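2 protein chains.
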Amino acid sequence: MNPVKVGICGLGTVGGGTFNVLKRNAAEIARRAGRGIEVVQIASRSAKPQYDTTGVALTSDPFDVVNNPEIDIVVELIGGYDLARELVMRAIENGKHVVTANKALIAVHGNEIFAHARSKGVMVAFEASVAGGIPVIKAIREGLSANRINWVAGIINGTGNFILSEMREKGRTFEDVLAEAQALGYAEADPTFDVEGIDAAHKLTILASIAFGIPLQFDKAFTEGITKLTIADVNYAEQLGYRIKHLGVARRTEQGIELRVHPTLIPEERLIANVNGVMNAVMVNGDAVGSTLYYGAGAGQEPTASAVVADLVDVVRVLTSDPQNRVPHLAFQPDSLSDLPILPISDCESAYYLRIQAKDHPGVLAQVASILSARGINIESIMQKEVEEQDGLVPMILLTHEVKEQKIDDAITALQQLKDIVGEVVRIRVEYLG
Amino acid sequence: MNPVKVGICGLGTVGGGTFNVLKRNAAEIARRAGRGIEVVQIASRSAKPQYDTTGVALTSDPFDVVNNPEIDIVVELIGGYDLARELVMRAIENGKHVVTANKALIAVHGNEIFAHARSKGVMVAFEASVAGGIPVIKAIREGLSANRINWVAGIINGTGNFILSEMREKGRTFEDVLAEAQALGYAEADPTFDVEGIDAAHKLTILASIAFGIPLQFDKAFTEGITKLTIADVNYAEQLGYRIKHLGVARRTEQGIELRVHPTLIPEERLIANVNGVMNAVMVNGDAVGSTLYYGAGAGQEPTASAVVADLVDVVRVLTSDPQNRVPHLAFQPDSLSDLPILPISDCESAYYLRIQAKDHPGVLAQVASILSARGINIESIMQKEVEEQDGLVPMILLTHEVKEQKIDDAITALQQLKDIVGEVVRIRVEYLG
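Going down the list, the protein sequences come from chains Z and P. Residue numbering for the first sequence follows my numbering, beginning at 1 and increasing consecutively. Residue numbering for the second sequence follows my numbering, beginning at 1 and increasing consecutively.
These aren't lab readings, by the way, just hints derived from the structure by calculation. Computed from a prediction, not measured in an experiment: that's the story for all the values here. Don't take every hint at face value.
Copies of the same chain are indistinguishable here, so a pair counts whether it falls within one copy or spans any two.
Straight-line C-alpha distance at most 30 Å; calculated DSS-like pairs for lysine-lysine [said to hold, decoys possible]:
| # | residue 1 | residue 2 |
| --- | --- | --- |
| 1 | LYS5 | LYS48 |
| 2 | LYS220 | LYS359 |
| 3 | LYS404 | LYS220 |
| 4 | LYS48 | LYS23 |
| 5 | LYS419 | LYS407 |
| 6 | LYS170 | LYS5 |
| 7 | LYS404 | LYS23 |
| 8 | LYS419 | LYS385 |
| 9 | LYS419 | LYS404 |
| 10 | LYS407 | LYS228 |
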């Protein structure tokens, strides 16, 4: 089957990421979508030599893309309100499906755009507009569709969360961290959208609409920024057992919907209170499921591209498959499953925790170290405890670097033959999940 | 449009939850699905008077359900391998769509079931089979479809996680906690599937297949239980900065796929290391998105029903809508959006953190308390700090109970008129997210 033809408007951070991911993972994506996805045209204001656009038509005018009769799906990644709106409406008018990462566009013009798309029978997908690579729109619209949703609460601006995390962890002032975030490229030269909560309010507006089934009403969101937060309050909150996060909260009450973005104290034992740095997380509470949480990178080149490309796959699956086979059972088309073998545990690799009960004799540690070393097992750390009163044995705890399980098996066999080691060596695998 | 007709096999915990959720949230679910969902028949081995099944045909023979020509979708909730397989294959043969929560069935017989479903053009959905109410199958199959997935790691057995959490938090032995879990109904009388990791291996087998595009191969999963874990190792791990979790890990390597369930040390700063009690969480690491995490209740009556009913909505959306309108933009059908108002911030309700700078005079606290009390604002806690050296002022920090914002606005206005209070009262909202 011919590949689906895609045009991208905007080759900035997210546009470049989208282009790269489509290219790098082309085979894997086609195995999932049932069809290839080909970028045939890109509109960019300036040349971007860092992307290899060989074979792709380039233009400086994004209207060339939305008017290109060859293109099936337009990806809008220029951001902002007016031009983006005009492009998306024209693309829909031209019968093209649209994928966008533009939260401002959806929060402010979404009602109009969706109505137009329905009238023309095209799809508009916008997963990347909220929380970057975290598929939280899909989770709420589809995964939690059984629930009467009670509330949604999210850390949905990475810049703001980076600033608050640094203030708490390092005792730095708001101004100081903001300057660094700007230097690192996390924050814009004009940081208003991030630090005043406007960006978060755009995203919260979208989340509230899909959670409660209400039209998009960005103008009614209450927004308070983090610019006035002081170290003093961060510290007092900590002493009381709380963390301060810039939270978007949408809650259903009997009187109506609360829709508000503001600094918020959260009990430190909540998982979401421990989401730090530029990471995002969204909690969704439903009457059947209770509280759920979705965590990941809420911005950045490839995390946002991950959501854009997932939306492309969603559209392509609709264009390509029978509706009842839209998503293959095992995610990949049945005729393209991989025959990668499942490894036996002896060929698996991880780090290890070993606990050895040794007699309190000199030289045991040297014997242990020598057995490990002979098998190429590197020791990350050793903890030797006091002699235990009952049995006169010394517990010795080792953490190893990552190594094949077979080597640990061999080492344990050898260790258990040492006369100064008593009982079985305890072995527990270690995963860093970094 | 006529409602879609559903038959449920099994009225145990999950079956009862599914029936209740479909009934309680019928209106909201129909607004999302575009069509009502009606349970017309239930098969149950025994009478279950706790469910009001008025108007529903009851039978003790589940084959009555799968052979009922009136039924569009069969929900298989009897569990186990053989009878479930026979029922599901028969339902497919009869041209019915199938929703199941049965991880054992999918992990062991999924390849055969999916092939049969494709040949008959019917849908088989199984979101509830992994991690209960957390829509992690949807996240991987659709939300992360742009990624080459590197690894998946999950706490996917609530009973096991409850036992490990209690061992760590309370220093209890495995045997002691298991006995309590059995008494509480978290663990079965025969706990083998949970504590030996078989249940987790079923789920991990499914996750690995959808992550890497490999056939289901439960028989090749490595499984080690938690029965031999000792308090000593839990404590030593803690001293080294780790938590021990019963983790399912599926990792792509150059040689093949690692597929293993075992107790695992995880650095305590990882979010997943802080998932306690019966809760589940799954981390998915993709080459574009990086690490993401999905958290929620992995078992229980209504959380599991949440996933079963979401699958029903997925199927009904395909049966009801044009493919390009399958999921409404705002989750609910455009003609059924709600006109619930967005509340002004003065009508919103939360708890509050207030910081007041007061002169070090007697009686200030009484004045503050009286202003709050007069407005019906209850104080949760007060922290009064030492006199600050620079200005001779005493910072006074209060946490209030939940109250309308208008009352806090009034109180702050009154507080700022007190002559012993200097500067602005700092107000930060508090959310418990419990």
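**OP:** Hints the structure violates: just list their numbers, smallest first.
**Re:** Result: hints 2, 6, 7 break, sorted rising.
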